[in-house]
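Asks: Here's the letter readout for the chains.
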Amino acid sequence: MTTAITPHRPGVRALLVLVGCEARMVVRDTAGLVVPLGLPLLILLTSAGSAGNQVVADGRTALEVYVLPLVVTMVVAMIGIINMPSFLAYYRRSGILRRLAVTPLSPALVLAAQAIVSVAQTLVGITVAAGVAVLVFDARPPADVAVALGVLALTMAAMYAIGMLVAAVAPTPNSAVALGLVTFFLLGALGGMFGGRQALPDPLADLGGWLPFGAAVQAISSAWTGSAVGGAHLLGLGATVLVGTLVAGLLFRWE
Amino acid sequence: MTSSEPAVLAENLAKSYRHIQAVAQVSLRVAPGETMGILGTNGAGKTTTIEMIAGLRVPDRGRVRVLGLDPRRDRARLRQVLGVQLQDAYLHHALRVSELVELYRSFYPDPRPADELLELVDLTRQRRTIFEKLSGGQKQRLSIALALVGRPRVAILDELTTGLDPAARRRMWTAIEQLRSEGVTVLLVSHAMEEVDRLCDRVAVLDAGRVVAVDTPAGLRARAGTDTLDDAFVTLTGKDLEEAT
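Residue numbers (the UniProt record's numbering), protein chains in the order written: chain A, 1 to 255; chain B, 1 to 245.
Looking at chain B on its own, in the form it has when it is part of the complex (with noise of 0.2 Å):
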């Protein structure tokens, strides 16, 4: 891959569950170091497409490349370099904070500290607690930063901020941020407007399993002749997202 080739490269991918069609036509190209992030209501296909282009689901149709990387031909390689964090995903249960950090620096060849890890989140008190006594946005937490553990150069994270206090959403932010200044790629699927706002390059929004528009949070706005990222997404999916999710 050369400096011009996008880090993310998703060209017409479809994917359908039995009858159910996920992803209809959706294509992506983010740029390296770009904050790319992506919107839409619930069935929209998110997950799914971002699933695709982890590599956990096989696309029905078109073509995923990752730094290149075709991410299941190359998954060893790709796996190396890609931090996702999942929406459900779920740890080993009976796990300390710690033990749990040590086990997935333990994949990687230059991993980050877990002292600096434990203290990106703010869970360096909680470091001697077993995963099932943390509260939700605890798990939260420690989702994002074992997506971080091994220094990715791309990043996946969906619903960063879902069910985390301001606080919390607000140290997140800050981490995606130092993400950006280190040069790191992010897909970042979101609910929260203000999030997106903030932290994302350009912005892809997804309606029934197809791209409806990809530019820039101003140019949304712009596009859509509103004030807010919010009365943008409603104009342009017919749709609003706080209801709809």
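Extracted from the complex, chain A is given alone in its bound form (with noise of 0.2 Å):
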């Protein structure tokens, strides 16, 4: 009897339906939208006016070059490492990822799906902070879009690689947002979130050029300034991007 079961693993078809159903999940379930979203935009907000006027290195102002590189980062941690892996756990918590465990379904492909509509939020938030940037405030695009994209991703792809990890090993929706919470503000504060890296400890200020969040502020704004990003912040983003995706998938539990 075992030998008529041909394997079967669900494929791109049931990927896109997944994404069409976690899509219709954010979009009626709005308010998990409004700080990712509405945070970085109020700080864009308040300090462009001033930062838009102050040139600070080749003709760029220090809305380019700090200011726009910290809210990108912001929208992408947001959404990648709070938003993301609370949706997981509260489905772990009310039973629907044991209710897929019994499926033909893989956890890998409920993780992509997440993944998918979350950085359809990520583009929708930059899009729109770019945007007002741009149009309101007259800053100018990267100097190379290809390097800003690529740079972009790879910033995608560690946020969400800790946001798996979150995931995988928080027991609960709200120790989720805690552990989320708590490892963003912690990458944040290491990676000139509350103010440049150089105010902080020298050994402290290293680290976290090396961590994600400091590395792709500073990777984002030598792309959007045009010189070279340094192999350093590569190297960090795409070390998360392995450990994190690595220990996400051994760690990752149905219930």
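I should point out that these hints are in silico values taken from the structure, not numbers from a laboratory. Just so we're clear, the structure is a prediction, and the values are computed from it rather than from any experiment. From the three backbone atoms N, C-alpha and C, an ideal C-beta is built for every residue, glycine too. Fair warning: there could be bad hints in the mix.
One side only, chain A facing chain B, incomplete, derived with CB under 8 Å [unchecked claim]:
hint, residue
1, Ile5
2, Arg9
3, Met25
4, Thr245
If you anchor each label on the Cβ, the simulated ranges turn out as follows [said to hold, decoys possible]:
hint, chain 1, residue 1, chain 2, residue 2, range
5, B, Ser135, A, Asp138, 14 to 24 Å
6, B, Arg72, A, Leu242, 19 to 29 Å
7, A, Val35, B, Ser135, 32 to 42 Å
8, B, Ala94, A, Thr127, 20 to 30 Å
9, B, Val212, A, Gly238, 34 to 44 Å
Grab the two chains, each in its own frame, and use the hints to assemble them into the complex.
Replies: Right, here's the structure in full:
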């Protein structure tokens, strides 16, 4: 009897249907979008006026060198590290993952669907923030768009890898939000979210440059201004993707 | 697996949670096409037993085979032919009934048509209703529909009709009888004696994590020397199923 059962894994169609369902869940449950999309925009609106007039290097303003890279990184990090894992933790707590665990669906497809929907949310957030910066505050687009998009993709992958890790280990939705917030603020503090990294003690400032938030801010800033993206920053982001994905895959639980 | 082998085989299963022994010694053999009921009071080990059979929990001891497959090692193959209705499983709360059915249909190579499924569980009129707006009984019926969406060869149904009104209960019984006629092997956990009596070829009675009897409903009555399955259960376990649940 077993030989008659041909292995069949749900594929692209299942993934597309799952992505559609996840997207509907997000659209119908909009409260979670207010902070990650609203807060970076608020920071942009409150600081862009003065930063947009302050030229800091090569004709580039503080808005382009400091504020926009920070805002973009914040959007990616908040959605990747806080929103996405809290959704997954809710799924686990409520029994949704447990129900899916007795279907042919693989955990990888559930995580992939979550990541795809999160990426879409992130792109909306970044488009809104960058659009406002360009249209309202006369910010110029990145000097090298291709490099900027590459760095953005790597940043997203790194933040989602951390988010997957949070989702894999958090036992409850509350703990996922708490763990996500702590991780977000810790990485943000070391990465210059509350002021430049140069204000930190040297060892912490160096560490912050390697960790994904600081590395992302620096790499996006370099890409925006057209200077060479630091290898250490790319290495930090790449290592985060690798370690986060591997460990999340090993630790993922349906319940 | 040959035709003489059981569709579901559980040998000497044991499972503890910290200091609580949920299942002490459970062995079951369910023949292909058979409907096996599992009866027991709360805490008797019914749900833990079927969760080990479904591969959701790893036994501390013992062995499980479903259609000859190991539920953990052969997870991918088994999930294609196993339909499971869980007691407490929840679904995406903001999705409509039709969206949930389409989602679960997408997991299987040859799913049942959505209209047929909704008709089977009498949810056609609720197809556009958001899951969290459904009544408890409607959620239960949707959960049953999703267990059957992939045309399972083995169906595990935990508390099939608990919380359903009499009309919905009879409708579910008809659905299970239809499964039987299609040759589907069914493991049915239930507290409803009338349901077990009507649907099950044989019944396993669990008490304190052990199988205390396995027989046909008529055989259990005869063994206990009683007229009803209720009384047979009391005689075999010393517990009243209605009071204990």
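Asks: Could you run down the list of hints and mark each one as holding or not?
Replies: Now the hints, each set against the structure:
| no. | hint | verdict |
| --- | --- | --- |
| 1 | Ile5 | 5 Å, holds |
| 2 | Arg9 | 6 Å, holds |
| 3 | Met25 | 5 Å, holds |
| 4 | Thr245 | 21 Å, violated |
| 5 | B:Ser135 to A:Asp138: 14 to 24 Å | 57 Å, violated |
| 6 | B:Arg72 to A:Leu242: 19 to 29 Å | 28 Å, holds |
| 7 | A:Val35 to B:Ser135: 32 to 42 Å | 34 Å, holds |
| 8 | B:Ala94 to A:Thr127: 20 to 30 Å | 25 Å, holds |
| 9 | B:Val212 to A:Gly238: 34 to 44 Å | 59 Å, violated |
Hints 4, 5 and 9 from the list above are not met by this structure, while the remaining hints are.
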